[in-house]
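Heads up: the protein sequence lines correspond to chains A and B, in order.
If you're matching positions, the first sequence starts at 1 in the UniProt record's numbering and goes up one per residue.
If you're matching positions, the second sequence starts at 1 in the UniProt record's numbering and goes up one per residue.
Calculated from the structure, these hints are not laboratory results.
Hints may be right or wrong, so weigh each one.
[What the hints assert, rightly or not] Capping the alpha-carbon separation at 20 Å, the derived lysine to aspartate or glutamate pairs in EDC-like fashion look like this:
id : chain 1 : residue 1 : chain 2 : residue 2
1  : A       : 234       : B       : 295
2  : B       : 62        : B       : 12
3  : B       : 114       : A       : 244
4  : B       : 114       : A       : 246
5  : A       : 234       : B       : 346
6  : B       : 276       : B       : 12
7  : B       : 324       : A       : 244
8  : B       : 239       : B       : 295
9  : A       : 234       : B       : 119
10 : A       : 91        : A       : 45
11 : A       : 207       : B       : 12
12 : B       : 248       : A       : 119
If you're wondering where the values come from, they're calculated on a predicted model, not measured in any experiment.
Here's the letter readout for the chains.
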Amino acid sequence: MLRIRVIPCLLLKGRGLVKTTRFKDPQYIGDPINAIKIFNDKEVDELVLLDVLASVEGKGPNFEVIEEIANECFMPVAYGGGITNLEQIRKILKLGIEKVVLNEAAFQHPELISAAAAEFGSQSIVVSMDVKRKLFGKYEVYRARGTKSTGLDPVAFALTVSKLGAGEIFLTAIDRDGTMEGYDLELIKQIARAVPIPVIASGGAGKIGDFREATHCGGASAVAAGAMFVFHGKHRGVLITYPEADALKQAFL
Amino acid sequence: MHYQICVRCVMDTTDAEISFDESGVCSHCKSHEARVAQAPFSQSDAGEKLAALVARIKARAKGEYDCIIGLSGGVDSSYVAYQAIQLGLKPLAVHFDNGWNSELAVKNIERMVKKLNLDLITYVIDWEEFRDIQRSFFKANVIDIEMVTDHAIFAALFKLAKQHKIRYILSGTNVATESIMPKAWQHFKFDLLNLMAIQKKFGQLKVRSYPTISIWHMAWNKYMSGFQSVPILNYLPYKKEEAIATLKAELGWEYYGGKHYESLFTKYYQAHILPKKFGVDKRKVHLSDLIMNGEVTRELALKELEKPPYTESALASDREYICKKLGFSQVEHDAYLNASAVSHFDYPSYAKIAMALVKIYRKVQYN
Chain A
1 MLRIRVIPCL LLKGRGLVKT TRFKDPQYIG DPINAIKIFN DKEVDELVLL
51 DVLASVEGKG PNFEVIEEIA NECFMPVAYG GGITNLEQIR KILKLGIEKV
101 VLNEAAFQHP ELISAAAAEF GSQSIVVSMD VKRKLFGKYE VYRARGTKST
151 GLDPVAFALT VSKLGAGEIF LTAIDRDGTM EGYDLELIKQ IARAVPIPVI
201 ASGGAGKIGD FREATHCGGA SAVAAGAMFV FHGKHRGVLI TYPEADALKQ
251 AFL
Chain B
1 MHYQICVRCV MDTTDAEISF DESGVCSHCK SHEARVAQAP FSQSDAGEKL
51 AALVARIKAR AKGEYDCIIG LSGGVDSSYV AYQAIQLGLK PLAVHFDNGW
101 NSELAVKNIE RMVKKLNLDL ITYVIDWEEF RDIQRSFFKA NVIDIEMVTD
151 HAIFAALFKL AKQHKIRYIL SGTNVATESI MPKAWQHFKF DLLNLMAIQK
201 KFGQLKVRSY PTISIWHMAW NKYMSGFQSV PILNYLPYKK EEAIATLKAE
251 LGWEYYGGKH YESLFTKYYQ AHILPKKFGV DKRKVHLSDL IMNGEVTREL
301 ALKELEKPPY TESALASDRE YICKKLGFSQ VEHDAYLNAS AVSHFDYPSY
351 AKIAMALVKI YRKVQYN
């Protein structure tokens, strides 16, 4: 059986990489090409690359940067950010990217999910959802990098996008992003139980043990991490890392 | 000029300024000897000198850390970190990320910080700006492209030293394995005037966040505010092979094959750009230093020099990566490699005055 996928999630801002904490305070962490070269050599399973400005600033995907990155990546890559139509998806997949991640489009043009799934297959369409925990523990879906509330219930939203044809859900707990305090297991459980498609847990990973919790207790099909793979220690020194294959194998036993 | 090679080391007339005595021994290995003889570790009271230095560093500590160590993932800096811990110092490790890290360098840093329990700060330089300055040095056709990195590392370390109120920077510079360097093969790294002039002439971006430091500022740091860089390896008997063996055994550290090859750019620069464009094979200085340090025989060094610095397949893929990252086409890069070199002194420079001052400084540095 294949091991659970462990996916570094990188945030693109302009031409540089950043890492946020609870979706705020982006810290510059360097050139994406160098980071990807290092992740290549570390033989990571897969990579998620999200352009954090593309939708917010109303720009489309930056194809030039995507191409540079696609050419450098040996591992499968999912790209998200600023995608609003089929033509863009076609172009991105042609550049050598394996999957696209839709987020803003899921609110503005949900029909894009079904159209894209019909044309390219569900396996290449990921829908990402960013969730905040409200007062009294109720969850709510947010959009625009956590700045706009939608009033939507995450379970209902996840069901909707899965019915529309999304192949995977990239589920991020905004409150855990960059904290390295562990995943929001309750949230993962709710979503993974509700939908028939794979859920990638994101937000909060700080140690290998967290991966096991997300999959074994939460029911996630794959795990993503940002800060854990780019920061070291109390000063958060930038240091790209990825667990050794043996350590991962042990973790999921 | 006829070709001549030193009978003791492997320096030769590819350095135009080399001179030989009547028995055929060159000026470089003699200066290696002289510098080693002057270094603290060669003195009879070497132990006391080191103890006094460590005591001074500890005594002047103000906060959590008593010194800063720049970690590149290479042998020298890794060994400095290892020794600092052995000596009971409390270093803050700083890694300077210029966008050219190899996986092995990063992995070595990870092993070091984890095994030695070091706190780490990474100074991540703005890649777009850094790249623009590197591109300018290509366009200027000057030899010392590494000045762009070396200058910024020093400047960044001083900046962080000030921020964290740490007076001592422990550097990996050492006379045992780094004494020999023909003047024409590199430029004075603190020639800020030169760097800015080249960037002004060829650059497209303004220098905003790239860290800089002038020699006047460095002198001020040392003599007025008490911030200084200490070449701690000069206080210890330093052998490269032994350092590598220790790091491997104690920290699981891995060698990357070749001096400074921990950086992808430096590897390409030293093993391809320097020999191809400037007729300089830097392996000669590294090997000559090692011969003088009693680590390599001259015969072995000569054999090493017969090998090409690059395997063909590695060269092709590294070349492609370097061009892509710097934004040069293969054609542009070929034109660059074929264009004649231009001296740093063809651009504004204060290196000559500064070098004269450094010469005086070297005579008094251990007093």
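Note to self: What's the verdict on residue 248 of chain B and residue 119 of chain A, does the C-alpha distance respect the 20 Å limit or exceed it?
What the structure shows: Status violated; Cα separation ~53 Å.
Check: Taking 20 Å as the top limit, are the C-alpha atoms of residue 239 of chain B and residue 295 of chain B close enough?
Finding: holds (7 Å)
Check: Given the proposed pairing of residue 91 of chain A with residue 45 of chain A, does the C-alpha separation stay at or below 20 Å?
Finding: violated (23 Å)
Next item on the list: With a cut-off of 20 Å on the C-alpha distance, tell me whether residue 324 of chain B and residue 244 of chain A pass.
Entry: Not satisfied, since the Cα-Cα distance of roughly 29 Å exceeds 20 Å.
Note to self: Hinted pair, alpha-carbon criterion (20 Å max): residue 276 of chain B, residue 12 of chain B. Please report holds or violated.
What the structure shows: holds (17 Å)
Check: Straight-line Cα separation of residue 234 of chain A and residue 346 of chain B no greater than 20 Å?
Finding: Violated - the C-alpha atoms of residue 346 of chain B and residue 234 of chain A are around 46 Å apart, more than 20 Å.
Check: Within a Cα-Cα threshold of 20 Å, do residue 114 of chain B and residue 246 of chain A meet the stated pairing?
Finding: The given pair, whose Cα atoms are some 18 Å apart, holds under the 20 Å limit.
Margin query: With the threshold set at 20 Å, check whether the alpha-carbon distance from residue 114 of chain B to residue 244 of chain A stays at or below it.
Written below: It holds: about 15 Å lies between the C-alpha atoms, which stays within 20 Å.
Next item on the list: Please work out if residue 234 of chain A and residue 295 of chain B have their alpha carbons no farther apart than 20 Å.
Entry: With Cα atoms ~40 Å apart, residue 234 of chain A and residue 295 of chain B exceed 20 Å; violated.
Notebook entry, point to check: Regarding the pair residue 234 of chain A and residue 119 of chain B, is the alpha-carbon distance no greater than 20 Å?
Noted result: This hinted pair holds, its Cα atoms lying about 7 Å apart.
Margin query: residue 62 of chain B and residue 12 of chain B were given as a pair; does the straight-line alpha-carbon distance stay at or below 20 Å?
Written below: violated (49 Å)
Notebook entry, point to check: Straight-line Cα separation of residue 207 of chain A and residue 12 of chain B no greater than 20 Å?
Noted result: violated (54 Å)
Going down the numbered hints, you'll see the structure goes against 1, 2, 5, 7, 10, 11 and 12, while the others check out.
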